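> Let the hints inform the model, and build the full structure from the sequences given.
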Amino acid sequence: MDNRTETEKRLRRRTIISFVVFFALIIAGYIGWRVLYTEQMDNGVQKDIRKGLKTNESIFENLFSTHHLAKTYLESEAVKKVRVNGRIGMGVDFDAALWKLRVVRKPGDTLFLTLDDIKSLPKTDVIFDFKCIEGWSQVTHWGGAKFSDFMKKYNLNDQSQMNYTGLITPDQKYYVGIDMASMMQPQTLLCYEMNGKPLPMDQGYPLRLIIPVKYGIKHLKRIGTMYFQDTKPKDYWAEKGYDYYSGL
1 MDNRTETEKR LRRRTIISFV VFFALIIAGY IGWRVLYTEQ MDNGVQKDIR KGLKTNESIF
61 ENLFSTHHLA KTYLESEAVK KVRVNGRIGM GVDFDAALWK LRVVRKPGDT LFLTLDDIKS
121 LPKTDVIFDF KCIEGWSQVT HWGGAKFSDF MKKYNLNDQS QMNYTGLITP DQKYYVGIDM
181 ASMMQPQTLL CYEMNGKPLP MDQGYPLRLI IPVKYGIKHL KRIGTMYFQD TKPKDYWAEK
241 GYDYYSGL
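Here my numbering is used: the first residue of the sequence shown is 1, the next is one more, and so on.
Hints listed in this document are in silico derivations from the structure and should not be mistaken for laboratory results. Note that the coordinates shown come from a computational prediction; the quantities given were computed from them, not determined experimentally. Each residue gets a CB set at the ideal place from its N, CA and C atoms; glycine is no exception. Hints are all accurate, no fakes.
For lysine-lysine, the following DSSO-like pairs were computed, each having C-alpha atoms within a straight-line distance of at most 30 Å:
#1 K81 - K100
#2 K100 - K80
#3 K123 - K100
#4 K173 - K119
#5 K173 - K153
#6 K106 - K153
#7 K232 - K71
#8 K81 - K173
Quick list of simulated restraints, FRET-style, between CB atoms:
#9 I27 - A181: 44 to 52 Å
#10 E239 - S76: 35 to 43 Å
#11 L248 - Y30: 34 to 42 Å
#12 C132 - V21: 37 to 45 Å
#13 D109 - F64: 26 to 34 Å
#14 R105 - G29: 46 to 54 Å
#15 S160 - F112: 18 to 26 Å
#16 F22 - D125: 52 to 60 Å
#17 F112 - K232: 24 to 32 Å
#18 I133 - F22: 29 to 37 Å
#19 M184 - K71: 13 to 21 Å
#20 H67 - A97: 34 to 42 Å
#21 K106 - R83: 32 to 40 Å
#22 W136 - D109: 38 to 46 Å
Structure follows, in structure tokens:
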């Protein structure tokens, strides 16, 4: 009887301790949630979460090399029906006949280029696995001018030494900021073809960005304005809580 009583006491004590720990964890979790919920925001997310994203960004940037190439595929492996990853910035009132690429070299100094100007550069094709933050991916085939060739052609050497490139759609509703190292990576294209044909309207005609080392949210469709700066340009999805770097 004494052994049974002692065993029952131990079981009761352990049960009580388990319930105390369980409820303490619930309370701690609730307090933590309340702290995060009421914490001051930083570009769409709580400051502590943004700190974590910035730490990840710093790690990825330090590990990144322009010699790192995304895996490429055979043309036969590319899908024929390419999925559209978002339509923000693709206003139906767009007049392609009036389009020119605005390249802001510095305030008060803007270069205007036509699609023929871009096509005068050597054409490069890239076939890679396009990855979307929504969880899908497709092997897709794109053609255009290397961004690095574009920078050399138009004497943008000083701009290439800056930390970031900013891109904005003609209607200014979609915009991204991208680190210069990723932009200068040799697979990054100012793209005007998909599957060997001119870009469809819903894929960013006449000119879009293809940057295989980034998730799809950085592949801005229908480039209207390009600019350069050392501080981070505004970025549509980073303002809504996503990772600014968005690297693969």
